[in-house]
Amino acid sequence: MKAWLANFRGFSAARWWGVVLKEFLQLRRDRVTFAMIVGIPIVQLALFGFAINTDPRHLPTAVISAEQSEFSRSLVAALRNSRYFAITEELPDEAAGREALAEGRVQFVLSIPPDFSKRLLRGEKPAVLLEADATDPTATGMALGAAEQIAGAVARKDLRGPLAALVPGEPPFEIRVHRLYNPEGVTQYNIIPGLMGVILTMTLVMMTGLAMTRERERGTMENLLATPVRPLEVISGKIVPYIAIGLVQSTIILLAARFVFGVPFFGSIVAIYVAALLFIAANLTVGITLSSLAINQLQAMQMAIFYFMPNMLLSGFMFPFAGMPTWAQWLASALPLTHFNRLIRGIILKGNGWVELWPNIWPILVFTVIVMAVAVRFYRRTLD
Amino acid sequence: MSAEALAIDVQGLNKFFGDKHVVADLSLQVRRGEIFGFLGPNGSGKTTSIRMMCGLLTPDSGSGRCLGYDILRESDAIKHQVGYMTQRFSYWEDLTIRENLDFVARLYEMPNRRAAVDEALERLGLTSRAQQLTGALSGGWKQRLALAACMLHRPQLLLLDEPTAGVDPTARRDFWEELHDLAAQGISVLVSTHYMDEAERCHKLAYMAYGQLLVQGTAAEVVAAQRLTTWAVHGEHLGELSQRLREAPGVEQTVVFGSVLHVTGADAATLEASVRRIAGGAGLHVETVPTSLEDVFIHLMSRATDNYQDRP
Ligand SMILES: Nc1ncnc2c1ncn2[C@@H]1O[C@H](COP(=O)(O)OP(=O)(O)O)[C@@H](O)[C@H]1O
Ligand SMILES: [Mg+2]
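Going line by line, the protein sequences match chains A and B.
With the numbering used here applied, the first sequence corresponds to residues 1 to 384, in that order.
With the numbering used here applied, the second sequence corresponds to residues 1 to 312, in that order.
Derived from the structure by calculation, the hints contain no laboratory data.
Certain hints may be false.
A few chain B residues facing chain A, derived, Cβ under 7 Å [what the hints assert, rightly or not]:
#1 F16
#2 L95
#3 L107
#4 R123
#5 L126
Computed spacing ranges between beta-carbons, pair by pair [what the hints assert, rightly or not]:
#6 B/E93 x A/R83: 33 to 41 Å
#7 B/R173 x A/R377: 43 to 51 Å
#8 A/P183 x B/E93: 39 to 47 Å
#9 B/P249 x A/L298: 29 to 37 Å
#10 B/D118 x A/L298: 37 to 45 Å
Calculated Cβ distances over 12 Å to all of chain B for the following chain A residues [said to hold, decoys possible]:
#11 G10
#12 G18
#13 I52
#14 G145
#15 T227
#16 G262
#17 L293
All residues carry an ideal CB built from backbone N, CA and C; glycine is no exception.
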């Protein structure tokens with residue numbers, strides 16, 4: 001502990017500032033890194049914002065209708081109106097339906113059996129078959145949920161008078177659903193704020209990961225070590241320019257969220273930037289630590305990807321946190337991205353204040369302090 | 001000799017890389033204001049020794065002082081007063097010349113930074129090119145920049161690792177004149193080199209091979225200590241003669257310098273007999289000459305190889 005505290009003694013602001021200036025100068029001349037700073041947010045925003053949708057609509061659907069009745073017509077119309085199903089073809093028989101599914105021409109095949117209305121009227125509870133290509137559950141899940149409701153609604157509308165008895169029994173109570181914070185269920189409202197943390201993690205960990213190994217690979221580390229500059233001055237000095245980069249990236253994403261994707265902002269901008277700064281600091285300490293541990297730039301790169309994967313998968317960015325087993329939730333709770341995602345979605349979509357934010361702020365603080373201590377501990381003061 | 005008079009005083013330094021004994025029991029003293037030449041073939045451990053002296057590598061055993069500070073415990077204090085020029089150019093190639101000097105000045109917290117940088121640029125003759133990226137400089141200029149940068153903070157001791165490798169003769173001469181000026185001001189210099197003319201310009205020398213310091217002292221002492229006799233044979237087509245002489249009794253080594261062949265051995269009488277029989281017999285002019293440093297180093301090198309191979 002005493003040896004560790006010695007790292008903070010004799011800290012020189014002049015030397016630290018020297019390191020900061022040098023990093024800024026080098027960064028300014030590094031075109032590739034510069035392109036990455038702006039390019040990565042834009043590419044990611046385009047991919048996730050425009051291309052990815054977890055609630056897909058207009059899925060291609062084939063209909064095998066063995067009878068033409070008012071009922072079958074109104075069922076097909078209701079499916080189409082739900083916007084989940086796009087009726088793309090009429091097929092003659094079941095074999096053709098299977099073929100269409102196997103080829104991937106359609107996502108769903110709806111089969112209405114012969115004598116459907118007749119049997120319905122006789123009260124035999126006939127079945128309509130909806131076959132789905134369920135290889136990707138995300139693609140079909142929402143549509144299938146909608147299909148069941150549609151069937152009920154069609155039945156209620158068309159079966160009136162004496163036939164009303166055939167309508168499936170109403171439940172004794174009603175569940176009223178209010179979709180809070182994102183009433184229309186727009187995927188982008190969730191994804192774009194979440195993307196901020198993902199982009200910051202990816203670029204900052206990678207770039208700072210290279211910061212120290214680059215000095216080692218180019219041989220300039222020997223020079224640095226021969227001067228009186230101290231580990232904490234080098235480490236914290238190298239971090240500063242990347243804080244600026246992180247803030248630039250955050251601003252790009254926030255502007256795109258507001259003006260390109262129309263994400264509604266309920267919380268305070270100050271809170272967003274405070275959370276972002278905290279999260280940026282956490283990522284930079286991770287990057288610098290990897291940089292101190294790695295032997296060369298390739299190794300630093302591999303470590304950065306190794307760190308990035310669980311963050312991406314477990315943080316609640318891609319898959320819901322609540323759906324993970326307990327051990328994975330524990331693991332996720334140790335990752336700063338998990339907390340940042342909650343912070344940023346909480347601020348932007350829910351307008352959360354400091355009291356609601358605190359439970360996700362302190363874990364990031366603790367994480368940062370611990371990782372920084374590791375970085376200073378493993379900074380090699382000699383070439384051994 | 002008082003510790004004050006010594007800039008470097010190390011005893012029994014050892015360094016292993018894996019099971020390779022790279023520096024073995026190195027003891028070495030450099031006086032204040034002295035230029036100390038450090039010689040030895042590639043891979044003999046010169047760079048490793050220098051790195052241990054300025055705290056960049058931790059010795060596995062041994063102790064020592066640099067400018068009166070303990071090399072193991074007070075490396076921070078040493079770093080303030082030592083200028084270390086690395087063997088490989090190690091300034092930032094994506095910074096300009098001025099930016100490099102300015103950065104170094106900041107790291108040493110120099111009080112009047114701008115003036116010091118301007119002065120260094122002026123002395124280098126690089127004022128007009130100060131805004132050029134360092135990576136675009138030629139090898140010789142890089143070398144001069146590195147020297148200027150490591151002297152910027154006016155260190156008491158310079159550790160220069162092959163500072164003139166690949167530098168043209170005029171620049172080398174200027175460089176050595178500057179070193180002597182510095183030494184006259186009381187600055188101590190430890191410099192590693194492969195050049196004989198440079199070795200001869202040092203106040204003291206040490207020769208290292210395979211991690212072992214084989215000899216140290218003034219050039220004259222180093223030569224005398226080996227007790228070698230050298231004969232010069234003048235003539236043309238000395239290659240074949242050299243072959244025959246090398247197999248003769250008493251001859252330890254032969255080196256051709258253009259139209260002169262140096263024949264060296266420790267046993268003066270046997271050597272003379274062999275030289276007179278083979279070279280004199282061929283009608284060539286032979287004479288004794290003082291053994292040169294180069295003869296001595298070649299001799300030391302071949303002996304060291306033998307010792308190394310004899311070791312179990
Ligand atoms: N960091 C290192 N790791 C392993 N071996 C090393 C390292 N540095 C130097 N060596 C080895 O130590 C020996 C001495 O190297 P060095 O001190 O650079 O010699 P010199 O400067 O005299 O050419 C060489 O055989 C070299 O390969
Ligand atoms: Mg060397």
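Original post:
Could one say that the CB atoms of B/R173 and A/R377 fall in the range 43 to 51 Å?
Top reply: 48 Å, holds
Original post:
Far enough from chain B: is every CB of that chain over 12 Å from the CB of A/G262?
Top reply: 42 Å, holds
**OP:** Please settle this one: A/G10 was flagged as non-interface, so is its CB more than 12 Å from every CB on chain B?
**Re:** Label violated. Min Cβ-Cβ 8 Å, cutoff 12 Å.
Original post:
A/P183 and B/E93, beta-carbon distance inside 39 to 47 Å?
Top reply: 57 Å, violated
Original post:
Beyond 12 Å from every Cβ of chain B: is that where the Cβ of A/G18 lies?
Top reply: A/G18 not clear of chain B: closest Cβ-Cβ about 3 Å, inside 12 Å.
Original post:
Is the Cβ of A/I52 farther than 12 Å from every Cβ of chain B?
Top reply: 38 Å, holds
Original post:
Between B/E93 and A/R83, does the beta-carbon spacing fit 33 to 41 Å?
Top reply: Violated, at about 59 Å.
Original post:
If you take the shortest Cβ to Cβ gap from B/F16 to chain A, is it below 7 Å?
Top reply: Violated. Min distance 11 Å.
Subject >> Proposed interface contact between B/L95 and chain A, which counts if any beta carbon pair is under 7 Å >> reply: 6 Å, holds
Original post:
Does B/R123 pass the interface check with chain A, least Cβ-Cβ distance below 7 Å?
Top reply: With a closest approach of 20 Å, the B/R123 hint is violated.
**OP:** With respect to the beta-carbon atoms only, verify the hint that B/P249 and A/L298 lie 29 to 37 Å apart.
**Re:** 58 Å, violated
Original post:
Beyond 12 Å from chain B, beta-carbon-wise, is A/L293?
Top reply: With a cut-off of 12 Å, A/L293 remains clear of chain B, as the shortest Cβ separation is near 19 Å.
Hint violations for this structure: numbers 1, 4, 5, 6, 8, 9, 11, 12, 15, all remaining hints satisfied.
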